[in-house]
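A.B. asks: Single-letter residue listing:
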Amino acid sequence: MIERNRFLDVLTHLVLALGVAIVAFPLYVAFVASTHTNDAVVQAPMPLLPGGHMWDNYRTVLLGEHTGPGSHAPVGRMMLVSLISALTITLGKITISLLSAFAIVYFRFPLRKAVFWAVFITLMLPVEVRIAPTYKVVADLGMLDSYAGLTVPLIASATATFLFRQFFMTVPDELVEAARIDGAGPMRFFRDVLLPLSVTPMAALFVIQFIYGWNQYLWPLLVTTREEMYPIVIGIKRMISGGDAQTDWAMVMATAVLAMVPPALVVIGMQKWFVKGLVDTEK
Amino acid sequence: MAGISFRNIVKRYGKGPAAVQVIHGVNAEINSGEFIVIVGPSGCGKSTLLRMVAGLEEITGGEIAIGDRVVNEVEPADRDIAMVFQNYALYPHMSVFENMAYGLKIRKLPEAEIRQRVDKAASILELSHLLGRKPRQLSGGQRQRVAMGRAIVRQPQVFLFDEPLSNLDAKLRAQTRLEIQKLHRELGITSLFVTHDQVEAMTLAQRMIVMNAGVMEQFGTPEEVYARPATTYVASFIGSPPMNLLESAPGGRPGALLGVRPEHLDVASSGWQVQVETVELLGAERLVYGRLGGESLIVRLDEGRGAPAPGSTLLVAPRADRLHWFDAESGKRLPD
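Sequence order for the protein chains is H and E.
Here the first sequence is numbered in our numbering, starting from 1 and rising by one per residue.
Here the second sequence is numbered in our numbering, starting from 1001 and rising by one per residue.
No lab work stands behind these hints, which were simulated from the structure alone.
Here the structure is a predicted model, which is why all the values come from computation and not from measurement.
Among the hints, a few may not be true.
To be verified - A partial selection of chain E residues facing chain H, derived with a Cβ cut-off under 7 Å: (1) Val1070; (2) Asn1072; (3) Leu1109; (4) Gly1306; (5) Ala1309.
Said to hold, decoys possible - In silico SDA-like pairs for lysine to any residue, Cα to Cα no more than 20 Å straight-line: (6) Lys1134(E) <-> Val176(H); (7) Lys1105(E) <-> Glu177(H); (8) Lys1108(E) <-> Pro172(H); (9) Lys1105(E) <-> Pro186(H); (10) Lys1134(E) <-> Pro172(H).
For glycine and all other residues, C-beta sits at the position ideal for the given N, C-alpha and C.
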């Protein structure tokens, strides 16, 4: 029985609307700020309606023509770096953890339990904890300032392995047996049966890992020294000059808005796959 | 098409002193083209036996041969068998056609031949209009038929059925039973069918293996198993309602159980005095539950005769040629 109380309905909607407003308002302000000239933005109070400089600002920032005391790195290039490293990390993580989970669930080999626990223990080691030794190794291997250096140390994932392991354990044993009798070897089974069934967790992981990869700040900060290899999150920070010099806030906001767009697109685009996968799950 | 040989089959789980032995020395010869049912209660080892033939379980001791070939070390895919599972085990993301074609595709059969075999199996099983659908769009009965179609297209030497009817409702079960019988008549492929349902066993089997706790208690035709059960276990398992096994019936032998089926007790003017407790009216027949001396007894009566009232005494006489004697300790059949 659903309680129907007019007043509570209205109240609920009000609370939700308030929540959305609180979350969305800063985004709105950022967008508005990116459409004005810096002078208009710096005045108090800042105008709350979009101005007419949107295309100018965005074009300037993307091509790196902006002036001002902060960094002038072209945002277009930085977005490309972020995109490539986020995609590499995501696809790498999914591939590696699919194969690891497959091995752990479907094969019996010596030290299997030990391997499983070793992977589990790495969950206790976030990037920040292992950052000094990892930097040393990457530097010694000459991978600084490269895509390899940006992505390889982040490319294994215990969480993803677990997610897939749990998912594979829900695949009925009979399916494996039927495939065996049909003559499918392990890799064939993996390709023809397991992968198509794993589309939902893969989509979910893609979104999570892409956003994780896109938002990486600490590691790229250490590993890159050249402007051409900066991801966009570092770019934003560097555009904000500390000290007395005045930051060109309109440009910074434009960069920030640009930085938000790809993850948002990924989430929206992958929703279709989530839903499709949910509808499909009936064995 | 080939026969199957079980030679001293033993199955143990685990190693050393803590090992659990679940199958104790099964020996049987199955002829080519026979439909054999392995029947028994849950946990008796029947599925394990089937899976050893399939290659899904290791054979701890003894040999299994399909045709002339010992298959202990042969991979399931190379044994020339096909299996129908209790839960259908259809590939959820593939269409009905693809499900049936998968095994053939892996074996690199030419596309035209795959198409031909699938179409033929689909027409036998009345699935031709469903070839494009996915399993989730099918009913339980249809899914089971797809599972059978997948087995048929392989044209194997042996069909293995692992309780395929258990997930179907009663009506569908009866229908699918008939379809399986028809299929066997048409294709004549050696079949091993595992079930816990004695009705399925009696109706489908040319011969049946009755298993209990890892031991093969009897291997015979349905008539043999019904008319001359080898042990008390078989006697009470086959036949519904189960055979009456009496320790101290009038005219009984010491140390032996007297077995007589409820349908072989006739109302008589003199004989055993049965205290009637409950009567079940089943339409075509009546089941009288009562007590003879201290033991419970079931009598089956045809409809037509007036049903005895609870509390009354019913006089019944067993048919002299339908008595069975079993050793009270071992349960084995004694000479008549």
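A.B. asks: Hints first: check each against the structure and report whether it holds.
C.D. replies: Verification of the supplied hints:
no.: 1; hint: Val1070; verdict: 19 Å, violated
no.: 2; hint: Asn1072; verdict: 16 Å, violated
no.: 3; hint: Leu1109; verdict: 11 Å, violated
no.: 4; hint: Gly1306; verdict: 52 Å, violated
no.: 5; hint: Ala1309; verdict: 50 Å, violated
no.: 6; hint: Lys1134(E) <-> Val176(H); verdict: 19 Å, holds
no.: 7; hint: Lys1105(E) <-> Glu177(H); verdict: 17 Å, holds
no.: 8; hint: Lys1108(E) <-> Pro172(H); verdict: 26 Å, violated
no.: 9; hint: Lys1105(E) <-> Pro186(H); verdict: 16 Å, holds
no.: 10; hint: Lys1134(E) <-> Pro172(H); verdict: 17 Å, holds
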